[in-house]
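Colleague: Given next are the chains, with one letter for each unit.
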Amino acid sequence: MKHLTSDQIYTVALDQKRLDPAAEQHLAECAECRRQVDDLLSLVNEFEVTRRSQPSPSAIAYYTGLFRELQQRESGLSALWRTLRAQLTWDSRHNAALQGVRSGVVSAYRLLYTTRLADVEIMVEPEHRAFRVQGEVVSLSKEPVVPALVQWLDQEGVLRYETETDDEGRFQLRGVASGAYRVVVVPLHGEVIEVQALEIM
Amino acid sequence: MKELLVGRRYRNSTVTYLVQRCLHGDEEAWIEMVERYARLVHAIPARNGLPPTEVDDVGQEVFLALAQHLDEIEDPERLPAWLVTTARRATWRALQRRRQEEPVDLTEDEREESRPSSPLGKPIPTPEQLLAGWQTQETLQRAMERLNPRCRELLTLLFLDSSEPGYEEISKRLEMPKGSIGPTRNRCLQQLRAFMQDLEDKDGL
Numbered sequence: 001m002k003h004l005t006s007d008q009i010y011t012v013a014l015d016q017k018r019l020d021p022a023a024e025q026h027l028a029e030c031a032e033c034r035r036q037v038d039d040l041l042s043l044v045n046e047f048e049v050t051r052r053s054q055p056s057p058s059a060i061a062y063y064t065g066l067f068r069e070l071q072q073r074e075s076g077l078s079a080l081w082r083t084l085r086a087q088l089t090w091d092s093r094h095n096a097a098l099q100g101v102r103s104g105v106v107s108a109y110r111l112l113y114t115t116r117l118a119d120v121e122i123m124v125e126p127e128h129r130a131f132r133v134q135g136e137v138v139s140l141s142k143e144p145v146v147p148a149l150v151q152w153l154d155q156e157g158v159l160r161y162e163t164e165t166d167d168e169g170r171f172q173l174r175g176v177a178s179g180a181y182r183v184v185v186v187p188l189h190g191e192v193i194e195v196q197a198l199e200i201m
Numbered sequence: 202m203k204e205l206l207v208g209r210r211y212r213n214s215t216v217t218y219l220v221q222r223c224l225h226g227d228e229e230a231w232i233e234m235v236e237r238y239a240r241l242v243h244a245i246p247a248r249n250g251l252p253p254t255e256v257d258d259v260g261q262e263v264f265l266a267l268a269q270h271l272d273e274i275e276d277p278e279r280l281p282a283w284l285v286t287t288a289r290r291a292t293w294r295a296l297q298r299r300r301q302e303e304p305v306d307l308t309e310d311e312r313e314e315s316r317p318s319s320p321l322g323k324p325i326p327t328p329e330q331l332l333a334g335w336q337t338q339e340t341l342q343r344a345m346e347r348l349n350p351r352c353r354e355l356l357t358l359l360f361l362d363s364s365e366p367g368y369e370e371i372s373k374r375l376e377m378p379k380g381s382i383g384p385t386r387n388r389c390l391q392q393l394r395a396f397m398q399d400l401e402d403k404d405g406l
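Residue numbers (the numbering used here), protein chains in the order written: chain Z, 1 to 201; chain V, 202 to 406.
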């Protein structure tokens, strides 16, 4: 099989021109030639990212001027970046009677984590071979904490699941594997809320 | 002259040393840090289709946070990952704000046209993906530096110049026949890709 020449590959990818019918037919059928076209398009995209991410001289001047902020811990904006560690205040597994379970085996259970700004309630239910997690983030102050990004990280800090709350603070994840997680709630405004050790089993 | 020299003293310093020097009140170290990582920070909102003004907003937010919390970063060698995560969250918030500010009386076609190229609602890449993207950007930059000056200038005009000069303009600037631009571009890109592959192989990517 005779592949497209590199000039033909560049013509298709960069000049957006059509080739002769035989070459077009080959391109439609040849995964290797299409991969080369895609590689070139990726490179062009990287050039575009480079161009759009070049900071202007005024931006650089602004950032270097922030040296005066170094080591000044208190400011109106610093609250955006502080993390509130949530404390587990209720685990329904510690009271099986609340589950209405006769055998003593707890399937679905609820967890409640509290910070000074918000509660995070999580319900865990087995579903097929994994778990369904439904949660709600409830503000305890005038500061709105929803909508928020909800991230589930494993013990190595690798992001495993991610979702967003709705405007009422509710979220859901399905297919969650058993394990230990760190759950990070990132509100649109205000401090990040972190549940440090959440075991799903 | 001072402007030319500022920031160059720490050009080859490790991140840990840069952070230590910043925390000791060394302004040159801070300038080096800004110059080293500003593009990394900007690349994240840029990849997510935010316009230049909002890219700058994200940059301001991230560097302000860095200045205020530099002493709290436990492992300075992970500073790039910290910057990526922080910029990602700031980008997420900016995209949320754009979604909330979207006029309600647009038609579906108008709404689609006004979206940035990374549509609202599309998941933001993970920190790992963004760091991998940054690695690609660094490789591209290093490969561009290896090109001969003529190729570097041509590819810069074709792909990196924000004024987006056409072939007529490029032909004048480089004193090159218009008909040669395409074939020369292809040869230069071929060379660039070979350099990038070589760098990736050496970096074990």
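Do not take every clue at face value.
Below, computed lysine-lysine pairings styled on DSSO-like, alpha-carbon distance capped at 27 Å [to be verified]:
| # | chain 1 | residue 1 | chain 2 | residue 2 |
| --- | --- | --- | --- | --- |
| 1 | Z | Lys-17 | V | Lys-403 |
| 2 | Z | Lys-17 | Z | Lys-2 |
| 3 | V | Lys-379 | Z | Lys-17 |
A few chain Z residues facing chain V, derived, Cβ under 10 Å [stated by the list, open to error]:
| # | residue |
| --- | --- |
| 4 | Lys-2 |
| 5 | Ser-6 |
| 6 | Val-37 |
| 7 | Val-44 |
| 8 | Arg-52 |
| 9 | Tyr-62 |
| 10 | Tyr-63 |
| 11 | Leu-70 |
| 12 | Leu-117 |
| 13 | Leu-149 |
It should be emphasised that the hints constitute simulated quantities derived from the structure, not laboratory data. Glycine included, each C-beta is placed from N, C-alpha and C at the ideal position.
Colleague: Compare the structure with each hint and give your call.
Modeller: Here is how each hint holds up against the structure:
Note on Z/Lys-17 and V/Lys-403: the hinted pairing is violated, with a Cα-Cα distance of about 35 Å set against a maximum of 27 Å. With a C-alpha separation of about 20 Å, the suggested pair Z/Lys-17 and Z/Lys-2 falls inside the 27 Å cut-off, and the hint holds. The hinted pair formed by V/Lys-379 and Z/Lys-17 meets the criterion: a straight-line CA distance of about 18 Å does not exceed 27 Å. Taking 10 Å as the C-beta cut-off, the interface hint given for Z/Lys-2 is violated, the closest approach to chain V being about 19 Å.
For Z/Ser-6, the shortest C-beta to C-beta distance to chain V is roughly 7 Å, which falls under 10 Å, so the interface hint holds. Because the closest C-beta pair between Z/Val-37 and chain V is about 13 Å apart, greater than 10 Å, the hint is violated. A cut of 10 Å between beta carbons decides the hint on Z/Val-44: the least distance to chain V is about 7 Å, and the hint holds. Because the beta carbon of Z/Arg-52 sits about 4 Å from the nearest beta carbon in chain V, less than 10 Å, this interface hint is met.
Hint status for Z/Tyr-62 relative to chain V: holds, with the closest Cβ pair at about 6 Å, below 10 Å. The beta carbon of Z/Tyr-63 comes within 4 Å of a beta carbon in chain V, closer than 10 Å, and the hint placing it at the interface holds. The beta carbon of Z/Leu-70 comes within 5 Å of a beta carbon in chain V, closer than 10 Å, and the hint placing it at the interface holds. Annotation: Z/Leu-117 was flagged as interfacial toward chain V, and the flag is violated, the nearest CB pair being 17 Å apart, outside 10 Å.
Interface restraint check: Z/Leu-149 against chain V, minimum CB-CB distance 6 Å, threshold 10 Å, status holds.
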